[in-house]
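Visitor: Listed here are the chains, written in short residue letters.
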Amino acid sequence: MQSIYLSLILFLPLIGAALTFFIKPREIARVVALVFSVIPLFITALLLTTFKSGSGFHFEESYIWISNLGINYTLGVDGISMPLILLNAILCPLTIIYSWGEHKNANQYFALLMILQAGVFGVFMALDFFLFYIFWELTLIPLYFLISIWGGPNKDYAAIKFFIYTHVASLVMLLGIFALYFSTNLNTFYIPDLLGAFAGLDDVMKAAIFLSIFFGFMVKMPTVPFHTWLPDAHVEAPTAGSVLLAGVLLKMGGYGLFRVLLPMIQDMGTYQGQIITIMAFFGVLSILYGTFAALAQTDLKKMVAYSSVSHMGFVMLGAAAFNVMSVSGAMFQQFSHGLITAVLFMSVGVIQHNVHTRVISELGGLTKKMPKLSFIMMAGFMASLGLPLMCGFVAEFLVLTGTYLTMHVFALLAFLGIVATAGYHLWALQRAMFGSFNEKLGDIKDTVSYEWIPMGILVLLIIYFGVNPAPVLEIFQAASSVIPGVELI
Amino acid sequence: MSFTFESLIPFAPELILVIAALTVMIIGLFMETSSKKLLGYFSIVALLASIAVIIAKGVYEVELTGLLAGSLTIDPMSQFFKLTFLLVSLLVVIASIKEFEEHSNQDEYYTLILLGTVGMMIVASAVDIVTMFIGFELASLSTYVLAGFNKNEPKNIEAAIKYFIIGAVSSTILLFGLSYLYGLSGGLTNIDELANFFSMNTELLISPMGIMALVMITAGFGFKMALVPFHMWAPDVYQGSPSVISALLAAGSKKMAFVAAFRVLLIAMIAMKVEIGILFAILAVVTMTLGNVVAVGQKSIKRMLAYSSIAQAGYIAMVFVVVTPEALTGGILYVMSHAFMKAGAFITVGAVCYVLLKQNSKAQDVDHIDNFAGLGKRSPFLAFSMLLFLFALAGIPPTAGFVSKFILFLAVLKADYLYLVVIAILNSALSLYYYARVVKYMYVLPPASDEKMSVPTPYVLAIVLAMIGVLAIGIVPEPFVEWAASAAEVLF
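Sequences listed follow chains H and U, in order.
Under our numbering, read the first sequence as residues 1 to 489, first letter to last.
Under our numbering, read the second sequence as residues 490 to 981, first letter to last.
Bear in mind the hints are in silico, worked out from the structure with no lab data behind them.
Don't be surprised by glycine CBs; every beta carbon is placed ideally from N, CA and C.
Hints are supplied without guarantee of correctness; some may be wrong.
Said to hold, decoys possible - With a straight-line cut-off of 30 angstroms between C-alpha atoms, the simulated DSSO-like cross-links for lysine-lysine are:
#1 U/526 with H/24
#2 H/104 with H/440
#3 U/851 with U/941
#4 H/104 with U/866
#5 U/847 with U/866
#6 U/847 with H/24
#7 U/788 with H/161
#8 U/866 with U/788
#9 U/526 with U/644
#10 H/104 with H/52
#11 H/24 with U/644
#12 H/104 with U/851
#13 U/866 with U/640
#14 U/866 with H/161
#15 U/644 with U/851
#16 U/640 with U/526
#17 H/369 with H/104
As the list claims (entries may be wrong) - Now the in silico label distances, taken between C-beta atoms and shown as ranges:
#18 H/104 with U/721: 54 to 60 angstroms
#19 H/274 with U/771: 52 to 58 angstroms
#20 U/546 with H/211: 26 to 32 angstroms
#21 H/104 with U/953: 24 to 30 angstroms
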């Protein structure tokens, strides 16, 4: 008996996108978009009630697609993907509400957001590498258009750089997938089977496969030094594009790490040590580089973009430390960073929209004119710098503690990053929001209801999962404890 | 050997077209220009009937007896390519109805397209080098005329003359090479017999005369397939011809060269175990790289599509290096995908040019990329279809281009040609740059003029059909892959 829930979640946004695209009046278009992106959230919630992590794949469905190559349409979820599907299902409707006031070709804008949502759902659900790759690539197209049509002044450069950079990385990953397919010689693209047969290959092949797939994920996450497309894309992208880019698209890279690469590590053979060190090195490099680059930014949005780089570094570091605490912490970091960064980008979007500048030194004293925004933004910044009782703290605490247990040096280096993280957040807040109001900015309106409601919901979620991380964290813990070779601590 | 009508039954699709072509030609003499459009509809019906026969038979193979045995064959490969040619001609004829509706000689136009298609279909079926050559010439002579069909247009004439001269010279080279094979083997023309003969007398092929023959045949096919360095004619011809004819040339008649080359060169390589793989590896790499690199700088969309077509031929040429059933499956599927993508792209450009010329009859260089600025606002339909075809050409899922690239690259990698796959993949990434540039013009830049573009129905129909083809192979590849796989089996 094939389940159909996952296909429903996957295709409803696509159907919604097709409908929205042809509805010209934006008042109707946005309602249709919201309805079709909220239904997946309900289905996801329904699935969560019967979901049990750590016990293989749930709600699996499989149809033959190209039989003589062993390509199937196979969907399924487990503890690694389920919370990320929830994250995607939460973020997309909120982003659509946030964009309620979009005037420029609103129908196309919402349609693209929903294609993006569907693509990300697909990546998190696909258990067949062919399908996985298709959805992986599918996410590029809507974001390319979101940036190049609704983007800022330098959008052409940013859009094409994003498109080609990530496309090349995907192609390298595709080579790795090909190599895995042939060397295992099972005539299947079913990911668990391929990973199961991975141990039998020779060591050089294993390392080559691992590194080429790793490269694809590193660019997507992104990991320093392959991050240069990200700040450009973020700065030029419209707010909704940035929210989804940082909130869920980057998570695809991290997800790939957990789904495909971590199960390989135990079987890596002679190169195991080097590979773990490489991962940890890039993780720490991203944390430190991202933090210090953020410290140097004058543009508030670029600063948030670099903070994403550094936060995604924790995902890589936690994965490399390879014990249940750090790995589940890294997974939780993905989830929590998705919520937090959405608030940050939305706040910056409001500033951009109402104040017409994002340059930190030109802002100042915004609390006086924008009390609602300031409150929410402060909550977001506190969560981002890792204030206890907010979900970012839980995630980073777990990653650092877990990492300290297996690799002291890297954990200590990452601690350095934490200090500077607090620094740039507080400094930016201080200069942009507090102090005396910069009179040159003129009369400024506060945020409107369709903007602060989604942001408020996100802040509530951040606090909820900070106080009570168990519902999601337990899923991740169960999922990470069944990854072969992960140390139980 | 006796001639019976029964022996012609497997060739019903060709016969339908021949009869239709002759009918169009004769009736056309007595018709007013204004009503000649009906002949176009008649040609569409004939093509549809022919397609219906081919699809009804599906993967189909018969042992031919009588007069045609030994010179023609009916196998999955011939049927697959015939279907491709027929579909391309169908798209072209549908799109032409508007483009040539006021042309006084349009009866000849449809006759030539139908006869050209018959020529391509004969090549697809030919297992005899003389028959193959005759099919080649029938198709080529028709398309030479078609390329210069707007005889008041200097660019058309230039394209046609170039195409004719290069085409004639390359045919001669090919024929010269084939005649050496004929001489060396003591009078054999059947491809299988030739392959058998040379596999037993390998020393003949490494004699100076044998090498001469192979080089000439490779060069002859190289011209027809537009592989670098035999490609110079393609950009000029595709740019200069009417867009719908460019579609026929790039998607149809160039593919005819591929089926012929598959039959002659692959069988020859398999039977003789001659190591000319490295030669083709160099040709393939140079072709794809040069095609893509030069395409980056093009301002004329048609010329860009021509270079992209050269690059794609480079990907397909990897089949001659790898020579495995899987690679051939990928190559054959690629041929059909490319037919849809390229025909669709050229027809879309044709529609844009047609509308622009309607709006301003003095416009020059209508296919210049600047004219595509803001197409997304002026004609959302044309912009979207162009987007789909370009993304398909770049190999982005879920389109035909992705599936066929995936299968082809997979097969090449399976045969341990990692370097070829890496080069092809890098090329594929490079190609995205110039395809995305057109997309940027269409959707991002402000329109060159605010005038909306209303697209004539025939164009819409042809473009929609091509889009269906591109998406069908992309989303439900199974039947196409199966057919291509059984077609590939024929040669191994």
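Visitor: Run every hint past the structure and note whether it holds.
Guide: Tested hints:
1. For a cut-off of 30 angstroms, the pair hint linking residue 526 of chain U to residue 24 of chain H is broken: about 37 angstroms separates their Cα positions.
2. Between residue 104 of chain H and residue 440 of chain H the CA atoms are separated by roughly 28 angstroms; this keeps the pair inside 30 angstroms, and the hint holds.
3. Proximity of residue 851 of chain U to residue 941 of chain U is assessed by CA-CA distance (about 18 angstroms); at most 30 angstroms being required, the pair is judged to hold.
4. For a cut-off of 30 angstroms, the pair hint linking residue 104 of chain H to residue 866 of chain U stands: about 12 angstroms separates their Cα positions.
5. Distance hint between residue 847 of chain U and residue 866 of chain U is fulfilled; the C-alpha atoms sit about 18 angstroms from each other, no more than 30 angstroms.
6. In summary, the hint linking residue 847 of chain U to residue 24 of chain H is supported, as the alpha carbons are separated by about 28 angstroms, within the 30 angstroms threshold.
7. Distance check on the hinted pair: residue 788 of chain U and residue 161 of chain H sit about 21 angstroms apart at the alpha-carbon level, within 30 angstroms; holds.
8. About 21 angstroms separates the Cα atoms of residue 866 of chain U and residue 788 of chain U, which keeps this hinted pair within 30 angstroms; it holds.
9. For a cut-off of 30 angstroms, the pair hint linking residue 526 of chain U to residue 644 of chain U stands: about 25 angstroms separates their Cα positions.
10. For the hint linking residue 104 of chain H to residue 52 of chain H, the alpha-carbon distance of about 44 angstroms lies beyond 30 angstroms, and the restraint is violated.
11. Between residue 24 of chain H and residue 644 of chain U the alpha-carbon distance is near 42 angstroms, which puts this suggested pair outside the 30 angstroms criterion.
12. Among the hinted pairs, residue 104 of chain H with residue 851 of chain U is inconsistent with the structure: their alpha-carbon atoms are about 34 angstroms apart, more than 30 angstroms.
13. Proximity of residue 866 of chain U to residue 640 of chain U is assessed by CA-CA distance (about 34 angstroms); at most 30 angstroms being required, the pair is judged violated.
14. Proximity of residue 866 of chain U to residue 161 of chain H is assessed by CA-CA distance (about 24 angstroms); at most 30 angstroms being required, the pair is judged to hold.
15. With a CA separation close to 15 angstroms, the supplied pair residue 644 of chain U and residue 851 of chain U stays within the 30 angstroms bound.
16. Proposed proximity of residue 640 of chain U and residue 526 of chain U is supported: the alpha carbons are some 19 angstroms apart, at most 30 angstroms.
17. Only pairs whose Cα atoms come within 30 angstroms are accepted, and residue 369 of chain H paired with residue 104 of chain H is accepted, the gap being roughly 27 angstroms.
18. The supplied range of 54 to 60 angstroms is broken by residue 104 of chain H and residue 721 of chain U, whose beta-carbon atoms lie about 45 angstroms from each other.
19. At roughly 37 angstroms, the beta-carbon separation of residue 274 of chain H and residue 771 of chain U lies outside the given 52 to 58 angstroms, and the hint is violated.
20. The hinted range of 26 to 32 angstroms is not satisfied by residue 546 of chain U and residue 211 of chain H, whose Cβ atoms lie roughly 49 angstroms apart.
21. At roughly 28 angstroms, the beta carbons of residue 104 of chain H and residue 953 of chain U sit within the given window of 24 to 30 angstroms.
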